[in-house]
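Peer 1: So the protein lines, in turn, are chains A and B.
In terms of our numbering, the first sequence has 40 at position 40, counting the first letter as 1, and numbering is strictly consecutive.
With the second sequence counted from 1, adding 1000 to any position gets you our numbering.
Rather than coming from a laboratory, the hints here were simulated on the basis of the structure.
Mixed in with the good hints there might be a few duds.
[What the hints assert, rightly or not] 27 angstroms max Cα-Cα, derived BS3-like pairs, lysine-lysine:
| hint | chain 1 | residue 1 | chain 2 | residue 2 |
| --- | --- | --- | --- | --- |
| 1 | A | Lys204 | A | Lys193 |
| 2 | B | Lys1171 | B | Lys1202 |
| 3 | A | Lys116 | A | Lys156 |
| 4 | B | Lys1171 | A | Lys113 |
| 5 | B | Lys1085 | A | Lys116 |
| 6 | B | Lys1089 | A | Lys116 |
[Stated by the list, open to error] If you anchor each label on the Cβ, the simulated ranges turn out as follows:
| hint | chain 1 | residue 1 | chain 2 | residue 2 | range |
| --- | --- | --- | --- | --- | --- |
| 7 | A | Lys195 | B | Glu1113 | 43 to 49 angstroms |
| 8 | B | Thr1195 | A | Ser111 | 44 to 50 angstroms |
| 9 | B | Glu1180 | A | Glu32 | 49 to 55 angstroms |
| 10 | B | Gly1127 | A | Lys81 | 26 to 32 angstroms |
| 11 | B | Asp1236 | A | Pro137 | 44 to 50 angstroms |
| 12 | A | Lys135 | B | Gly1127 | 39 to 45 angstroms |
| 13 | A | Lys124 | B | Val1143 | 32 to 38 angstroms |
| 14 | A | Thr123 | B | Lys1145 | 27 to 33 angstroms |
Computed from a predicted model, the values in this text were never measured in an experiment.
By construction, the Cβ of each residue, glycine as well, lies at the ideal position given by its N, Cα and C atoms.
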Amino acid sequence: MGKAKKLKVKKRKNKLEFVKLRGIVEDTHVQEAFEKLQVNIGLASVDEKIKVIQITSSAQDEGKSTVAVNLAFSYLNRGFKVLVVDLDLRRPKIHRNFELPNENGIVDFASGKCAKESLIKHTKYGIDVVFSGKKTPYPAKILESEMIHNLLAEAKEAYDFIILDTPPISVVVDPILVSKYVDGVLFIVQADKTKKSIIKESLKTLENAQANVLGLVITSVKDKYTKYNYKYYYAE
Amino acid sequence: MIDIHTHILPGVDDGSIDLENSLIMLKQANEQGVTHLVLTPHSILNSRKFLSKEDLFLRFQKLVNAAKDIPIQLYLGSEIFYTDKVISKLDSGELQTFSDSKYLLIEFSMRNESDLDEILYNIRVKGFQPILAHPERYEYMTVEKLKQLKENALIQINSTSIEGFHGRKAKKKAFEFLKEGLVDFVSSDCHNSTTRTCSLKKSYEIVFNKFGEETARAIFENNQLIMIQEIDKYLDNSRK
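Let the sequences and hints guide you as you build the complete structure.
Peer 2: Printed below as a string of structure tokens:
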């Protein structure tokens, strides 16, 4: 009789990455990188306080959500109160990092289908999150709405840092709309993946929108000195 | 063999029309070597034919009593057709999963593509284990998409797709999915005792010859057995 195939659902790839990045000792390089990122954002706050941080990139799957969540953890580890908001209403991912259903989110609240009290989820990790909720054919409309502005204004009173995950710039207009109400933008670039021309074009778009670009975070850098195939570098 | 996708429960959907026919179908399944079988009538919310769990259970008990002499262990499930309200109905316990366990069979529109990845993820994080019914029959399904879906769902394909009953495209996809190791279960999706019977032996031989004994045994029996054993354990614990 042949060997039985194991009945097992493969673990979500990004969940494994999340756990790895968060706390396993071998990943101290990654933890350090996020701590450096935090420090550098702090340095950029000398003139004006950076409280609401937007995460974007030029293309999809460059590690935006992973950076958003791990930066949040980095702040949490230093005793700050952090809220992560998934404003990628087209391809939300933040909920997957916490193995929670994407319900009672921004879109549901905007359409009157959930109460404001249900928006903020207190995860067991100590980070509070707001998910995107049900998909909408009008994401830009929601991102420009007074509702979002009001929510963020309230959140600013309650949290030390608010991290907004937004779509990539080269794909949709959403991140540009969001950049108008944040204190700073972190631009994520996956090493050896995205063409320089697209990165330049995306940064130019942010510049034209007068966004405060804090710097670039480069993901998936191959490091010949460690066995891991990703690191995070922060570059101004 | 273990069949986890069947329309043998009489008079509830487009499957078996009456008890007599159901008994014939069960005998046919027995001849195919089936030892355990899950009854999965269509469950479509907002349909006139939608039956409550209580109604389904009454019919199930009647069939179990009538089929006492047929050596097949029967379980009650359903084939849930996804609509917006399904997740909340699952949460409230109103939809029939496999013996009320975490396992459930779910199907989607074969033509209109929903965000299957997100839906199956949402179902899984609610504590259920979705089994995606016959994705080889969905017009929009590809190997790449199915690989993504496998992160949250187990995959069941139809024996009839392997045999070519559902057309060339479904057959081609079935073989592609088999080749990529994406299939967890092969089931009959039997509907009657004439044209869509509980046919498993023929497709088993096809898979055996093309992909080897290990794969064939795994997706026709062993994977199902692991699930059935979990369900049995769940039922034992529920009774205590």
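Peer 1: All hints, please: hold or fail.
Peer 2: Going down the list of hints, with the structure as the test:
1. A:Lys204 / A:Lys193: 19 angstroms, holds
2. B:Lys1171 / B:Lys1202: 14 angstroms, holds
3. A:Lys116 / A:Lys156: 16 angstroms, holds
4. B:Lys1171 / A:Lys113: Between B:Lys1171 and A:Lys113 the Cα gap is close to 42 angstroms, so the pair fails against 27 angstroms, i.e. violated.
5. B:Lys1085 / A:Lys116: 22 angstroms, holds
6. B:Lys1089 / A:Lys116: Judged against 27 angstroms, a Cα distance of about 23 angstroms means the pair holds.
7. A:Lys195 / B:Glu1113: 43 to 49 angstroms: 30 angstroms, violated
8. B:Thr1195 / A:Ser111: 44 to 50 angstroms: With a Cβ separation near 46 angstroms, B:Thr1195 and A:Ser111 satisfy 44 to 50 angstroms, so the hint holds.
9. B:Glu1180 / A:Glu32: 49 to 55 angstroms: The hinted range 49 to 55 angstroms is violated for B:Glu1180 and A:Glu32, with Cβ atoms some 39 angstroms apart.
10. B:Gly1127 / A:Lys81: 26 to 32 angstroms: At 30 angstroms between Cβs, range holds.
11. B:Asp1236 / A:Pro137: 44 to 50 angstroms: 48 angstroms, holds
12. A:Lys135 / B:Gly1127: 39 to 45 angstroms: This hint is violated: roughly 23 angstroms between Cβ atoms.
13. A:Lys124 / B:Val1143: 32 to 38 angstroms: 36 angstroms, holds
14. A:Thr123 / B:Lys1145: 27 to 33 angstroms: Holds - the Cβ-Cβ distance for A:Thr123 and B:Lys1145, about 29 angstroms, lies within 27 to 33 angstroms.
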